[in-house]
Every structure is written in structure tokens, then in C-alpha cells.
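Undergrad: For reference, the chains in residue letters:
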Amino acid sequence: IAYLLTHPSSICAFLKMACQGLAKGETTNTLKAESESLKAKLEEERAKLHDVELHQVAEKIDALGQFVMKTRRTLKGHGNKVLCMDWCRDKRRIVSSSQDGKVIVWDAYTTNKEHAVTMPCTWVMACAYAPSGCAVACGGLDNKCSVYPLSLDKNENLAAKKKSVAMHTNYLSSCSFTNSDMQILTSSGDGTCALWDVESGQLLQSFHGHSADVLSLDLAPSETGNTFVSGGCDKKANVWDMRSGQNVQSFETHESDINNVKYYPSGDAFATGSDDATCRLYDLRADREVAIYSKDSIIFGASSVDFSLSGRLLFAGYNDYTINVWDVLKGTRVAILFGHENRVSTVRVSPDGTAFCSGSWDNTLRIWA
Amino acid sequence: MWNSFKFVKEGWIDSYMVSKMSSKMVGSNNLAHAKRMVQQLRVEASIERIKVSKASADLMRYCGENAKYDPLLMGIPASENPFKDKKPCTIL
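So the sequences go chain by chain: A and B.
Counting from 14, one number per residue, gives the positions in the first sequence under my numbering.
Counting from 2, one number per residue, gives the positions in the second sequence under my numbering.
Hints are not guaranteed to be accurate.
[As the list claims (entries may be wrong)] Each computed DSS-like pair below joins lysine-lysine, with the alpha-carbon atoms no more than 27 Å apart:
| # | chain 1 | residue 1 | chain 2 | residue 2 |
| --- | --- | --- | --- | --- |
| 1 | A | K73 | B | K52 |
| 2 | B | K85 | A | K54 |
| 3 | B | K55 | A | K73 |
| 4 | A | K61 | B | K85 |
| 5 | B | K69 | A | K343 |
| 6 | A | K104 | A | K54 |
| 7 | B | K36 | A | K52 |
| 8 | A | K175 | A | K126 |
| 9 | A | K54 | B | K69 |
| 10 | B | K55 | A | K54 |
| 11 | A | K115 | A | K126 |
| 12 | A | K83 | B | K52 |
| 13 | A | K104 | B | K55 |
| 14 | A | K54 | A | K89 |
| 15 | B | K36 | A | K343 |
| 16 | A | K104 | A | K45 |
| 17 | A | K61 | B | K69 |
| 18 | A | K126 | B | K85 |
| 19 | A | K52 | B | K52 |
| 20 | A | K343 | B | K55 |
| 21 | B | K85 | A | K89 |
| 22 | A | K45 | B | K36 |
| 23 | B | K85 | A | K52 |
| 24 | A | K115 | A | K61 |
| 25 | B | K69 | A | K73 |
| 26 | B | K36 | A | K83 |
[Said to hold, decoys possible] To be clear about the criterion: a stretch of chain A counts as covered by chain B if any three or more of its residues have a C-beta under 8 Å from a C-beta of chain B, and this derived list gives those stretches:
| # | stretch |
| --- | --- |
| 27 | 142 to 153 |
| 28 | 259 to 267 |
| 29 | 300 to 312 |
| 30 | 343 to 356 |
[Said to hold, decoys possible] Just so you have them, the derived chain A footprint on chain B, three or more residues with Cβ under 8 Å:
| # | stretch |
| --- | --- |
| 31 | 34 to 44 |
| 32 | 51 to 61 |
| 33 | 67 to 74 |
Think of the hints as simulated: they come from the structure by calculation, not from any bench.
All figures in this text were calculated on a predicted structure; none of them were measured in a lab.
Where a beta carbon is used, it is the ideal one built from N, C-alpha and C, also for glycine.
Extracted from the complex, chain A is given alone in its bound form (with noise of 0.2 Å):
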């Protein structure tokens, strides 16, 4: 006592200890050692089952045959870079979202455009339909998720019945329906996700852990529970349980931003889409990477990844504008799409898997199949 009465310096120390609710002893060195103590724990653990390769136990699968996948239609109406698409559960109709403000849909199989609606705001990077098929969300650099009921009126103007649901402080980098209607998941440059309430626009969870601008996010198919992955600026992706908002896995061992994050059918896995020019596949049960889809003539990043039905091919849209299709099993690449005249910045499978859909900064919109 007659220590801390004669060096005031301290009193403020160890005050601020304890308002801080400090184990005695605890400070940030400790904390600081616990912590990589226990980073080297998780390495070990994760090294220790780490008995064989992915693509060695699937040599003895056999290898792909050759693939022949051509542009089927081309869906043209964009005045400006194509950032986001979304299909419908229908399998016939697409959401896009682009550079210009423009949100469209279309009837895929006529290249119809049905309804077309101009945002307040540039850069509608996120951009999703709604699995009643009647309203769309879509949001990007005014930081907010809105969703728009779709009108059977073709006359109807689609901004007046405009919803704003969700509000960060800034971009609005994805957002995804869940089950219903009634709930979407959006993430942000601000570093967070969040869950909100349609109807109310009530904010149900938040999701904090990302270091920097979460790019994407993807939820796991609904047999699975309720988890959901991102990936962002911060090269991490994670895993998040979306009741109590706590991440439960995290991987870190792409070199760069993950542009995109996607899961694999049966939600066991996810793959990863990077600008260090490399797709990787992380197992949630093995707790770690188990493929990378890489090659040395590959140099530019991949934007967007999806899996076909089964999960054995992986379509990745690039920065150098082709799409590459990898052999997720074996990790070899069976086909490179050529047909884009500028960045691919989205790929998504449709629901039926019949085909697939390329979105771009040529502006233009691919249906290959």
C-alpha cells in the first residue's frame, strides 16, 4: 500500500487493471504469448491429421473427360460494368447488378429483360433474388441492402415500393436471402456481417472478427445448420455460427484478398477465390486447406467461384477474363472458357445445374452450358 500511495503512476495502472477485469497478472504480453501458444497448438493439431492429400486419395477415380461448354446466350443491357448476378430458384430468370446503378432481371432462356430499376447510388456490387422469386436485394457504395418487390405490372415503377433493410458504414460488398424472405445476410467494407429482419429492418446479429472489408459471404445449405463463411481484404475466411454470432473456424492461408467464397453441396467444404491468382478448398471437418487450384500461366486473381451440383467441378471467373473449370477431386484444370472482353467479376451455377452464368466488366452477362 504505502508503494502505490507514494507512486501515484501506478494507483492509475492498477486501476485500470482492475476496471479492465484482468486476471492478476494478466497483461497484453501474457495475453500476447497465450495467443501464439495457442496458434502454434491449433497448427499442430490441424498437422497431426494431416495423414494424405485430397488429390492423392482421388487418383484412383477416374480422370475427366474433355468439356465442351459454350456461351448460350449473351445478355446484353448493362451501360456499364457487370458486378453481381443471381439466379432465381425458377432456373430461368437472373438478377444483375452493375457499375451504373442499374439493377436488371431477366428471362434467361428469351434474353428478355423484365424489370429493370436504377439505384441511387454506382457501384451495386451485391445483388441477390429473394427464394420466393418476387423480390430482389441489392445494395453497394450507399452501405445499404434494399430490397424491392418485383411487380407483375411491367409498368410499375419498382423504386416506390423500396425497402432499405440493412445499414452499415460502409460498402455493401454481398448480401444473400436466407431460407425465407424474411431474412437477409449482408457483409461490408466495414469489416462486419450482419443478419436482418426484412419486415422491420431490425438488425438480428452482427458478425465481427475480419480485420478489414469482407468481400463475400456464403450460407451453408440449409441441411447443415445455420452457419455461414466470408472472406475478405484481411486474407482470412470464417466460419460463423448465426445464432450466437461467434466465429467457430478460421483459415488464413491465401497470400491476398478472397474475392469470393463459396460452399461446397454437401456444406463439408468451401472453396475460396483469390487475387493471389489461386482457388483453394477448405475442409470444416479436417479444419484446414485441402486443394489449391493453381498454375503458373494463372497470374491474375479470381473474382468468383461456384460449384457444379455434384461439387466435382469448380468454375472460377478471372481478372484476366476467362473462366478456368478445375477438377475439384484431383485439382487439375479441365477447361478454359474464353468469350469475356474484360474482367469476369461473377460465376454462378443455376439451380438445376444445367448451366451456368458469367458476369462482367465487358458489361454483358454469359450463359454457358
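Mind docking chain B on chain A? Use the hints.
TA: Positioned in the frame of chain A, the structure of chain B alone reads:
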């Protein structure tokens, strides 16, 4: 402050056009941050894991079981694919 902001970093738009960023003062509370890191790592370290051989076998089995339902993998005839034209187009 974020050390990367995608738009500015990529040179897509000038920094002054970007909406104001809220700066996260991570530095101002190192202790709370360190404590959160430790708690997070404890959660991650405690999960159950399986061997890569088992995980790989399961991924392969899923692919195998669903391959026949995968049109892009198997290739389906034009008559069954709404996107493939039934008749060839001739460009005049």
C-alpha cells in the same frame, strides 16, 4: 483504420469519392483486443477434427453419389437442356 480498402487500393475510384469510413481505433484498446484474440483462439483450438483421409473420402463419395444428377458434369442432350438450341443456327 483499415489497411486495405478495396476500391481505393484497386484504383477503381479516387479516395475522395468514397463515403466516409469510420476508423476503427484498434490501437486504443490493445488489452481488450488481445483478450478477445485469446478467447477466439481457445474456441478454434477446441473443435473436433477428423483426418484428411476421412474428409477426402467423404468429399469423393458425395461427388460419386451425385455425379449422375450433375448436368454440367455428365453433359445432357440438347433436348433436355433449355439453354441448348435444338436446331443448329446458320449465320448468313
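Undergrad: Take the C-alpha atoms of K52 (chain A) and K52 (chain B), compute the straight-line distance between them, and say whether it is at most 27 Å.
TA: holds (19 Å)
Undergrad: Verify this for me: three or more residues of the stretch 34 to 44 of chain B with a beta carbon less than 8 Å from a beta carbon of chain A.
TA: Coverage by chain A holds here, the residue count being 8 at a Cβ distance below 8 Å.
Undergrad: Is K54 (chain A) within 27 Å of K89 (chain A), Cα to Cα?
TA: Violated: K54 (chain A) and K89 (chain A) sit about 53 Å apart, past 27 Å.
Undergrad: Quickly compare the C-alpha distance for K83 (chain A) and K52 (chain B) to 27 Å and report which way the hint goes.
TA: Cα-Cα ~39 Å, so violated.
Undergrad: Closer than 8 Å Cβ to Cβ for three or more residues is the test here. Does the stretch 51 to 61 of chain B pass it with chain A?
TA: holds (count 11)
Undergrad: Given the hinted pair K175 (chain A) and K126 (chain A), is their Cα-Cα distance within 27 Å?
TA: holds (19 Å)
Undergrad: Residue count check for the stretch 343 to 356 of chain A against chain B: does it reach three with CB-CB under 8 Å?
TA: With 0 residues close enough to chain B, the hint is violated.
Undergrad: Take the C-alpha atoms of K104 (chain A) and K45 (chain A), compute the straight-line distance between them, and say whether it is at most 27 Å.
TA: It is violated: about 51 Å lies between the C-alpha atoms, which goes past 27 Å.
Undergrad: For the pair supplied as a hint, K61 (chain A) and K69 (chain B), is the alpha-carbon distance within the 27 Å limit?
TA: violated (35 Å)
Undergrad: Tell me if the straight-line CA distance from K61 (chain A) to K85 (chain B) falls inside 27 Å.
TA: violated (49 Å)
Undergrad: With the threshold set at 27 Å, check whether the alpha-carbon distance from K85 (chain B) to K52 (chain A) stays at or below it.
TA: violated (51 Å)
Undergrad: Given the hint that K73 (chain A) pairs with K52 (chain B), does the C-alpha gap stay at or below 27 Å?
TA: holds (19 Å)
The earlier numbered hints that this structure contradicts are 2, 4, 6, 9, 12, 13, 14, 15, 16, 17, 23, 24, 26, 27, 30.
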